Amino acid sequence: MIDVRNLVKRWGDKEAVSHVSFTVGRGEIVGFLGPNGAGKSTTLRMITGYLRPNAGEVFLDGRSVSQDSKAVRAMIGYLPENNPLYEDLRVREYLEFRAALKGIPRSARAKRIQDVLDACEVTEVADRIVGTCSKGYRQRVGLSDALLANPPLLILDEPTVGLDPGQVVHTRHLIKQLAADHTVILSTHILPEVEAICSRTLILHQGRLLFDGTVADLHRGLSGAGHVLCGVKAAREIAQTCIASVPGVSQTVFLEEEGGVARFRLTAPGGTAVPEALFWACAQANLPLVELTTEKVSLEEAFLSITTRESAQEVLA
Amino acid sequence: MRAVLAIAKKEILSFFFTPMAYIVVASFLVMNGFIFSVILAALSQPGSSSASPMAIFFGGTMFFWIYMILMAPVVTMRLGAEERKSGTLETLMTAPVSDMEVVAGKYLGALALYGAIWLPTLLYGWILSRFSPVDWGPVWTGYLGVLTVGMFFLAVGLFTSFASRNQVVAAIMAFGILVLLITLSILSILATDPFWKGILEYVDLWGAMQNFARGMVDSRQLVYCLSGTGLFLALAYQALQARRWA
Numbered sequence: 001m002i003d004v005r006n007l008v009k010r011w012g013d014k015e016a017v018s019h020v021s022f023t024v025g026r027g028e029i030v031g032f033l034g035p036n037g038a039g040k041s042t043t044l045r046m047i048t049g050y051l052r053p054n055a056g057e058v059f060l061d062g063r064s065v066s067q068d069s070k071a072v073r074a075m076i077g078y079l080p081e082n083n084p085l086y087e088d089l090r091v092r093e094y095l096e097f098r099a100a101l102k103g104i105p106r107s108a109r110a111k112r113i114q115d116v117l118d119a120c121e122v123t124e125v126a127d128r129i130v131g132t133c134s135k136g137y138r139q140r141v142g143l144s145d146a147l148l149a150n151p152p153l154l155i156l157d158e159p160t161v162g163l164d165p166g167q168v169v170h171t172r173h174l175i176k177q178l179a180a181d182h183t184v185i186l187s188t189h190i191l192p193e194v195e196a197i198c199s200r201t202l203i204l205h206q207g208r209l210l211f212d213g214t215v216a217d218l219h220r221g222l223s224g225a226g227h228v229l230c231g232v233k234a235a236r237e238i239a240q241t242c243i244a245s246v247p248g249v250s251q252t253v254f255l256e257e258e259g260g261v262a263r264f265r266l267t268a269p270g271g272t273a274v275p276e277a278l279f280w281a282c283a284q285a286n287l288p289l290v291e292l293t294t295e296k297v298s299l300e301e302a303f304l305s306i307t308t309r310e311s312a313q314e315v316l317a
Numbered sequence: 001m002r003a004v005l006a007i008a009k010k011e012i013l014s015f016f017f018t019p020m021a022y023i024v025v026a027s028f029l030v031m032n033g034f035i036f037s038v039i040l041a042a043l044s045q046p047g048s049s050s051a052s053p054m055a056i057f058f059g060g061t062m063f064f065w066i067y068m069i070l071m072a073p074v075v076t077m078r079l080g081a082e083e084r085k086s087g088t089l090e091t092l093m094t095a096p097v098s099d100m101e102v103v104a105g106k107y108l109g110a111l112a113l114y115g116a117i118w119l120p121t122l123l124y125g126w127i128l129s130r131f132s133p134v135d136w137g138p139v140w141t142g143y144l145g146v147l148t149v150g151m152f153f154l155a156v157g158l159f160t161s162f163a164s165r166n167q168v169v170a171a172i173m174a175f176g177i178l179v180l181l182i183t184l185s186i187l188s189i190l191a192t193d194p195f196w197k198g199i200l201e202y203v204d205l206w207g208a209m210q211n212f213a214r215g216m217v218d219s220r221q222l223v224y225c226l227s228g229t230g231l232f233l234a235l236a237y238q239a240l241q242a243r244r245w246a
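Sequences listed follow chains A and B, in order.
Under the working numbering, the residues of the first sequence are numbered 1 to 317, in order.
Under the working numbering, the residues of the second sequence are numbered 1 to 246, in order.
Think of the hints as simulated: they come from the structure by calculation, not from any bench.
The structure presented is a predicted model; accordingly, all values stated were derived computationally and were not measured.
The C-beta atom is built at its ideal place from N, Cα and C for all residues, glycine as well.
The reader is advised that the hints may include incorrect statements.
[What the hints assert, rightly or not] If you want the footprint, here are the derived chain A segments under chain B, 3+ residues with CB under 8 Å:
(1) 43 to 50
(2) 88 to 98
[What the hints assert, rightly or not] As a list, the in silico DMTMM-like pairs of lysine to aspartate or glutamate whose alpha-carbon atoms are at most 25 Å apart:
(3) A:Lys111 with A:Glu87
(4) B:Lys9 with A:Glu93
(5) A:Lys233 with A:Asp164
(6) A:Lys14 with A:Asp212
(7) B:Lys9 with A:Asp115
(8) B:Lys85 with A:Asp115
[Said to hold, decoys possible] Non-contacting residues of chain B with respect to chain A, defined by C-beta distances greater than 10 Å in every case (computed):
(9) Leu5
(10) Ala6
(11) Ala26
(12) Met93
(13) Ile127
(14) Phe131
Build out the structure end to end from the sequences listed, making use of the hints.
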């Protein structure tokens with residue numbers, strides 16, 4: 001559905017977005033992840049046609065954003081960063097204005113507005129002035145606007161920033177529901193949010209795309225390595241010899257020996273092969289395996305390893 | 001066109017949500033009513049000229065110009081600057097609406113507000129007609145002058161509003177440009193060199209307004225106002241387009 005090719009945006013001589021390319025298929029929920037200032041919003045703004053790229057091109061369903069801008073914009077429901085709204089209009093007036101802009105026929109407007117008000121649960125503030133609504137309601141008004149023309153693609157730039165925990169859960173739930181019949185791109189710097197909502201993650205750092213894969217891939221880290229914790233009821237040396245015979249273990253770290261149990265942390269590729277091999281190795285050596293846990297790389301760790309590895313490489317270069 | 005009308009309608013609605021709207025309209029009507037009564041009082045003195053009160057009202061006094069150069073920036077200053085400051089420009093420019101439609105909608109809204117502010121002054125003509133016969137021809141050409149000069153000034157204001165993210169700065173920039181335009185009129189009166197005087201007469205808005213108020217429609221002055229309008233609308237469009245690069 002989205003085809004981003006070699007996108008570049010410069011501010012002066014600094015590249016805010018540097019040669020970013022990716023594609024998003026219909027029905028995917030993609031999390032756009034990165035620290036503040038990574039170029040997430042700038043990239044989204046180029047996809048929505050708000051900003052023009054210095055180089056590269058974005059296609060939506062084969063239509064170029066720069067050549068066919070109006071038609072492309074009609075396909076996108078966009079919630080910009082900070083959710084800007086006209087403060088002095090009433091919620092319903094605001095949505096009426098947006099509906100007219102989006103070319104929803106006059107006869108269908110009232111019904112459509114009521115539908116999105118219901119879907120986003122903002123009906124109770126429909127006649128309030130936008131500026132007097134709470135942040136949670138304002139966010140949902142912004143979402144209602146994005147949904148108004150029932151576009152196939154939703155682009156949400158930090159949709160949960162500044163909301164209280166209850167509102168965050170509610171908004172995520174709503175986005176998950178929407179994902180059933182929309183393609184969604186969502187930017188955030190909150191990792192659990194990606195884990196909770198997205199099927200795929202793009203990590204952007206200093207304007208470059210560093211990672212493109214599923215959330216499960218992210219858990220395995222870039223190298224795909226995971227950790228296995230194990231405890232063997234044997235002396236440290238005996239247990240270590242046994243573990244050394246297990247194929248696929250790249251590193252063994254001794255943790256402690258307590259009550260006759262030696263504990264180790266093994267570095268190994270993800271999957272079940274290593275724990276299984278470990279079990280059989282211990283069984284054959286007649287060593288009781290009393291503890292076996294596969295440790296996932298936390299998203300935070302994976303994210304940090306991806307973004308800091310890059311900076312470290314830069315320092316070395 | 002639907003988008004143009006939707007934007008124009010929204011601007012009219014928003015304008016009347018600001019206290020500024022009521023201050024502008026009220027002060028405009030109070031001061032103009034006062035000026036109109038002063039003109040009538042002066043003309044009813046024995047031995048005064050036989051000029052038409054509406055002709056003096058429309059171009060004969062400097063009050064007209066003071067109001068024009070103050071009112072146009074106030075009407076237009078929010079249009080672009082406020083959208084930029086609050087960030088709503090982003091939602092507007094990512095809606096399926098062309099930049100041309102945004103400029104047209106905002107301009108149409110400003111023009112409608114301007115018209116609404118002038119509308120009550122039609123009462124002055126009606127009041128006059130109750131006491132003496134009124135020659136309506138020059139009154140209508142006077143309003144034509146108000147319209148064309150207004151179109152020009154509002155286009156200037158729209159441009160500065162799209163060029164700034166601060167309403168006050170936008171208003172001050174527009175004010176500066178409008179003062180400059182009026183200064184050209186004054187220069188055309190002061191100029192003695194026939195070459196410069198000839199050129200300055202083309203851009204003499206004050207003289208143009210006096211002609212309109214006397215019932216004379218000079219195509220040169222119409223062309224000047226309309227091409228000025230076109231120029232500043234084109235600049236406003238460019239200023240808006242520049243947002244997509246910054």
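Hints, one by one, checked against the model:
1. Counting residues of the stretch 43 to 50 of chain A whose beta carbon lies closer than 8 Å to any beta carbon of chain B gives 4, which reaches the threshold of three, so the coverage claim holds.
2. Given as covered by chain B, the stretch 88 to 98 of chain A passes the check, having 5 residues with a CB less than 8 Å from a CB of that chain where 3 are the minimum.
3. Between A:Lys111 and A:Glu87 the alpha-carbon distance is near 23 Å, which keeps this suggested pair within the 25 Å criterion.
4. A C-alpha spacing of about 11 Å is found between B:Lys9 and A:Glu93, which places the hinted pair at or below 25 Å, so the restraint holds.
5. Straight-line distance between C-alpha atoms of A:Lys233 and A:Asp164 comes to about 48 Å, which puts the hinted pair past the 25 Å bound.
6. Taking the CA atoms of A:Lys14 and A:Asp212, the gap is near 24 Å; set against the 25 Å cutoff, the hint holds.
7. Restraint check for B:Lys9 and A:Asp115: the C-alpha separation of about 24 Å stays at or below 25 Å, so the hint holds.
8. Restraint check for B:Lys85 and A:Asp115: not satisfied, since their Cα atoms lie roughly 31 Å apart, outside the 25 Å limit.
9. At roughly 8 Å, the least C-beta separation between B:Leu5 and chain A is not larger than 10 Å, which violates its mark as non-interface.
10. Not every beta carbon of chain A lies more than 10 Å from that of B:Ala6, the smallest distance being close to 4 Å; the non-interface claim is violated.
11. The Cβ of B:Ala26 lies farther than 10 Å from every Cβ of chain A, with a closest approach of about 20 Å, so its non-interface assignment holds.
12. B:Met93, annotated as away from the interface, has a beta carbon of chain A within 10 Å; the closest lies near 5 Å.
13. With a minimum CB-CB distance of about 36 Å to chain A, B:Ile127 clears the 10 Å threshold, and the non-interface call stands.
14. The Cβ of B:Phe131 sits about 43 Å from the closest Cβ of chain A, beyond the 10 Å cut-off, so the non-interface label holds.
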